[in-house]
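Colleague: One letter stands for each residue in the lines below.
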Amino acid sequence: MKKILIIDDEQIIRTSCERTLAPKGYAVTSAASGAEGLALLEKEPFSVVLLDFKMPDMDGMEVLKKIQASSSSAKVIIITGYSNVDTAVRALRSGAYNYIEKPFTPDKILSAVKEAIDDLEEK
Amino acid sequence: MNKIFGNPDRSLVAKLIIAIGVLMVIVSFIFWYAILQKQQQDIRSIAVKYGDSFLAFIKQSTHYSMLTLDSAKTQEAVEHLSSPDVIKEVNIYDHGGTIHFSSSEERISSTVVKTSLACTACHEDPEKSSALLNERMRWNVTKDPQGVSSLSLVSVIENEKDCYTARCHVHPQNQKIIGFIKADFSLGLLDVALHKQKEALSLYVAIFVIIVSLFVGFIIYTMITRPIRVLIAGMEKIAGGDLDHSVPITSGDEMGVLARSFNAMIKDLKEARDQREKWTQTLEEEVARKTEEIRKTHTSLVQTEKLASLGRMAAGVAHEINNPLTGVITFAHLLRDRFPDKSQEVDDLNVIIEQSERCSKIISNLLTFARATPSEKGSCDINEVLSRTVFMLKNQEKFHHIKFDVDMDEAQFIVFGDASQFQQIFLNMFINAADAMEKRGKITVATRRVKEKGKDFVEIEFSDEGCGIKEEDMSKLFEPFFTTKPIGKGTGLGLSVSHGIVKHFGGTLKVESTVGKGTSFFVRLPLSETHQ
Ligand SMILES: Nc1ncnc2c1ncn2[C@@H]1O[C@H](COP(=O)(O)OP(=O)(O)O)[C@@H](O)[C@H]1O
Ligand SMILES: [Mg+2]
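Protein sequences, first through last, are from chains X and B.
Under the working numbering, the first sequence has 13 at position 13, and the numbering climbs by one with no breaks.
Under the working numbering, the second sequence has 59 at position 59, and the numbering climbs by one with no breaks.
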C-alpha cells in the first residue's frame, strides 16, 4: 500500500485529498503544518507528498527544500493557490515532481499521484 | 460753419479765424486811419496853397489903391473879393492889430484879439513879449459850433520901394512890415468830401476783412479741420474696437502724412491685437490641454492605484475562495460517483461542478487581470461567444422576462484574445442591462464592422430600455467599486474589469445614455489582422 502524506493548513483540502485517495487504495496521512509534516517524514517513509505552497507557519518552498535535503525519497507534488506559472516553475526547479492548481478535481489529484508512483516504481 | 463756431472754445478753426479777423481789423484800422490822415493833410496843404495865392491876389488887387491911398477903393476890392460861402472874411490890419480894411465893414477900426492867429502866427506869446517863433504858423484850422471847419491864413505885407517912395510917405523906409492880411476860408465842402471818402474806405475795409476771414476760414476748414475730423472719427471708431477702419489719404501734405502714420498705427494695433488674441487662444488651448492631461494622468493614477489594491485583494480572495471551492468540487464528484449514470442526481451534481468551475475561472480571470499574467489567448469568434452567452442567459431566472433582439452581422469577427474574458464582458453588460430595466424589457445586441484610425474593429452594441445613467455618474462608471446598486447586489467591478480587458486587447469601451430612456454600451475590439 502506497503511503501518501498531505501537508496543508486547510482542513477542507486535507479531507478532500483523503476522501479522494483513500478509496483508491492509498494510505493517506495528513499534517496541518510544515513542521508537522517534516516530523512525520522523519518517522516513516512516504511515496508521495502533496504540499500546499502557502501556509502560515512555513513557506512551501522551505518545506520542499527540507524534504529534498532529508533522506526521504518521496515525490513532492505542489498544490498552488495561484494560477501562476512562476510559482510552479520555481517549485519544479527546486525538485518538485509536479504541481496542481487549486481548485482541483479528484481526477487531477488521482492522475498526478498515479503518475508519481508509476515513475517511482519504474526506477 | 455752424459746426466751427458752435463752440469756439473747442474749435481750432474758430479761434484761428477770430484771431486773424482781429488782426485784420487792427491792421486795417491803422491803414484806414493813416490814409485818412494823409488825405486830410494833403487836402489842407492844397487849401493853404490856394489860400496863399488868393492872398497874393488880394495884395495885388489892392496894391494900386494902397499906393494912391484910395481907402474906399481898397475896401471895395476887399469886399468884392470875399464871398460868404467860401471866403468868409478878409481883414487887413497893421502891426499893432488895428483892422484897416475888412470884408465885414463893422470890424474896421477894431483890434484883433491878441491870442488869435493874427498875432500867434509869428509871436510865441503876443500878450507878454514880442519874441518870434522859429517857424511861423501862418495858418490854422478851426471848427465852428456847427462842425464846419475853416482855414485861417495870415500873410505879411512887407515894406517895398513903392511904399516908402510913394507920395503919401505914410511908411518910413526902415519899417519892415507894413501890415497883415488874414483870410478865413470855409472848408465845409472839403469836409463833406472827406467824410464821404471816410465812409467808402470804412466799407471797403469791412468788406476786405470779411472776405479775407472767410477765405482763410475756408482754407483752414478744408485743409485742416476736415482731415482732422476724419481722423477723429477714425480714432473714435478704433477706440470702439473697430480696427479694420482706415482713414482715406487725400493729400500729400502734413495732413496726409498724419493720416498715413495713423493708418500704419492702426495696422500695428490690429496686428498686436490679433497676436494677443492668438496668444490668448493658444494659451487657453494649452491650459485646457494640460488640464485634460493632468486630469487623465490623475484618473489613470487613481485607476492604477485602485486596480493595484484590487489586485492585492483579488489575490487574497482567490486564495481563500479556492480552498472551499476545492472542497465543493471534490465532494460533488464523490457524491456523483455514488449515483447511477443519467440519474437526476448526477445532472444536478454536474451543475454544481460546472458552476464551481465557473467560479474558479472568474477568480482566475480576476487574478489574471489584476496581475497581468498571460491568459488563454487565441482567436475568438465574437459572434459565437456572444450567441453562446445569450443562449446561456435565456435560461436564467433573471432574464425570463427579457426579450433579446439579436442583430449580428453575418461576417465572422475574429478577435485575438481570451474567449472567457470576452464572455465575462458580455455577461456583465447583460446583467447591468437587466438590472437597469428591473428584469423587464428588451435588450438589443448588435455586431458590426467599423473603421477607426485606419484599423478594423468589431463593434458590439448593448442597448437597453432601462433607467439610464445620470450625468454625474458617467465619469465614475469605469472606476472599480463604483456602483449604484444596493450592498450585496453590486460590486462595482463589472465595468472596470470589462474596461481593463477591452483596453488590454487594444479596444475601446464607450457609453451613451439618456436618463429614463436607456443606455447603450459600445465595445470595440480590434479584428485579428489575419482574418481581415
Ligand atoms: N445598462 C446600464 N444602465 C444603467 N446603469 C448602468 C448600466 N450599466 C452600468 N450602470 C451603472 O454603472 C454602475 C457600475 O456598473 P458595474 O461596474 O457593472 O458594477 P455593478 O453592476 O456591480 O454595480 C452600476 O451600478 C450602474 O449604476
Ligand atoms: Mg455589473
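If you're looking for bench data, these hints aren't it; they were derived computationally from the structure.
Check before you lean on any hint, since a few could be wrong.
To be verified - To be clear about the criterion: a stretch of chain X counts as covered by chain B if any three or more of its residues have a C-beta under 8 Å from a C-beta of chain B, and this derived list gives those stretches:
hint, segment
1, 2 to 16
2, 62 to 72
Said to hold, decoys possible - For lysine to aspartate or glutamate, the following EDC-like pairs were computed, each having C-alpha atoms within a straight-line distance of at most 20 Å:
hint, chain 1, residue 1, chain 2, residue 2
3, B, K361, X, D107
4, B, K485, B, E397
5, X, K24, B, E357
6, X, K108, B, E357
This one's a predicted model, so the numbers in the text were calculated from it and none came from an experiment.
A virtual CB, placed ideally from N, CA and C, is assigned to each residue, including glycine.
Colleague: List in ascending order the numbers of the hints, as given earlier, that are violated by the structure.
Modeller: Violated hints (numbers, rising): 2, 5; every other hint is consistent with the structure.
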